[in-house]
Amino acid sequence: MIPVSYYLILSAILFGLGVVGFLTKRNLITIFMSIELMLNAVNLAFVAFAYTWQVLSGHIFVFFVIVVAAAEAAVGLAIIIVIFRTRGSLNVERIDLLKW
Amino acid sequence: MTAEALLFFLFAGLAVVGALNMVVQRHPIHSALSLILVMVSLAVLYLLLGAEFIAAIQVIVYAGAIMVLFVFVIMLLNAGEEERTNWSRLARYLGLPVAVTLLLEMGWLLYRTWPGETFVEADRFVGRTAAIGHLLFKDYVLPFELTSVLILVAILGAVVLAKREL
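Heads up: the protein sequence lines correspond to chains A and B, in order.
Our numbering applies: residue 12 is where the first sequence begins, and numbers increase by one.
Our numbering applies: residue 124 is where the second sequence begins, and numbers increase by one.
A portion of the hints provided could be inaccurate.
List of simulated lysine to any residue pairs, SDA-like, C-alpha gap at most 25 angstroms [unchecked claim]: (1) B:LYS286 <-> A:GLN65; (2) B:LYS286 <-> A:ILE42; (3) B:LYS286 <-> A:ALA82; (4) A:LYS110 <-> B:GLY218; (5) B:LYS286 <-> A:VAL93; (6) B:LYS261 <-> A:ILE42; (7) A:LYS110 <-> B:LYS261.
Calculated from the structure, these hints are not laboratory results.
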């Protein structure tokens, strides 16, 4: 028998690792994957809370999060392809047009 | 230790190891494969929490469709190892502290506001697909229809962005 709080702690750990990846990685695709990891951590928290209060709305929210993540992945990866085509690199430190 | 506890600790451990590996690896394809491991482990945890439908779409949509897209783009761009550059000062001084602060904050909130412990038992609460369908097409029908518009716009945007010239 596992308390629900264990699931929430796991969710917090995964979210923290996603933040670390997002802030420390230099590759655009890996940064994007860190965002997906954070979304997954939030989904786990939603499902755990849905279990705690025995309501299905949490599952519906996870469903919508997954739909939005799919749309975001399609558009984001298209943007990454365009950036690679114009700048020839995926390193975020080379993408500095707006920096002065 | 019951079978459920064993499953939880096995797949929670796998998820954490996969996430750590994703952050540590330098090659994007290794990170992507680690992320797939995390997602599949999370699908098992969803099943333990009685979210059958969510577990299925986690595997089909996340581990299946989205990660295939990622791996495909990594292949397409022939992305090599991450270059070793000096970390930006912001990332060096802000990265770990921000993550640790967030983690502590979440832990503290959980500790303070937890309204008594609920234990996860099998079959106490199951999110059947039929029940989710009823809810989705009655209470949440407007957001559901809006997501179809969102996906249509996303498809158009992806095509317009990725195509060289229309």
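_Hint check against the structure, violated hint numbers in rising order_ = 1, 6, 7
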